[in-house]
Amino acid sequence: MESNRKSLPDILRSIKIDADIQKVWKAVSTAKGLSSWLMPSTIKAELGNCFTLKREPMGGWDGTIQCVVKELEPPYKLGFSWSGNGLEHYITFKLKPDNGGTQFILIHSGWVEGTEKIRETMYDGWGHILEEFKQTHEEGDTPNEKSGRK
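Letter 40 of the sequence shown, counting from 1, is numbered 40 in UniProt numbering, and no numbers are missing.
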């Protein structure tokens, strides 16, 4: 899909998690893990895997986000396309060991003119989601002990 609209900056969020990189990787790269903190998901950490993220419907949108795994470097990087509600985006999760913990870097790209309001909402939303992720995974909970985001 070609667009003449000007690109907007990516959303970039970073947070240190006091948890082992393998634990964080499991939480971002498995259906059970991703469903526990983001949205119900059918992801398999395999290049080319088509999966969905599902949230409650809003307006005329059924709440389904279609995704495809495009980058995979366990346990350091997962990148996937994100297509839903008229948006064509890309999400990257980067993990780096950090003094016994893990630096979790999230990049949400694909923003264009006309999506400023949604981008601002998502910027704030990702901040809240990552803070909840940090609390959940530092408290010793295992993925899916808490219900998934709706």
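Please keep in mind that the hints were generated in silico from the structure rather than gathered at the bench.
Just so you know, not all the hints are guaranteed correct.
Heads up, simulated EDC-like pairs for lysine to aspartate or glutamate below, C-alpha to C-alpha not over 20 Å straight-line [claimed, not checked]:
#: 1; residue 1: 94; residue 2: 20
#: 2; residue 1: 70; residue 2: 132
#: 3; residue 1: 16; residue 2: 88
#: 4; residue 1: 16; residue 2: 113
#: 5; residue 1: 77; residue 2: 56
#: 6; residue 1: 117; residue 2: 73
#: 7; residue 1: 96; residue 2: 113
#: 8; residue 1: 94; residue 2: 10
#: 9; residue 1: 94; residue 2: 131
Hint-by-hint comparison with the structure:
{"no.": "1", "hint": "94 <-> 20", "verdict": "14 Å, holds"}
{"no.": "2", "hint": "70 <-> 132", "verdict": "26 Å, violated"}
{"no.": "3", "hint": "16 <-> 88", "verdict": "28 Å, violated"}
{"no.": "4", "hint": "16 <-> 113", "verdict": "31 Å, violated"}
{"no.": "5", "hint": "77 <-> 56", "verdict": "28 Å, violated"}
{"no.": "6", "hint": "117 <-> 73", "verdict": "32 Å, violated"}
{"no.": "7", "hint": "96 <-> 113", "verdict": "32 Å, violated"}
{"no.": "8", "hint": "94 <-> 10", "verdict": "14 Å, holds"}
{"no.": "9", "hint": "94 <-> 131", "verdict": "16 Å, holds"}
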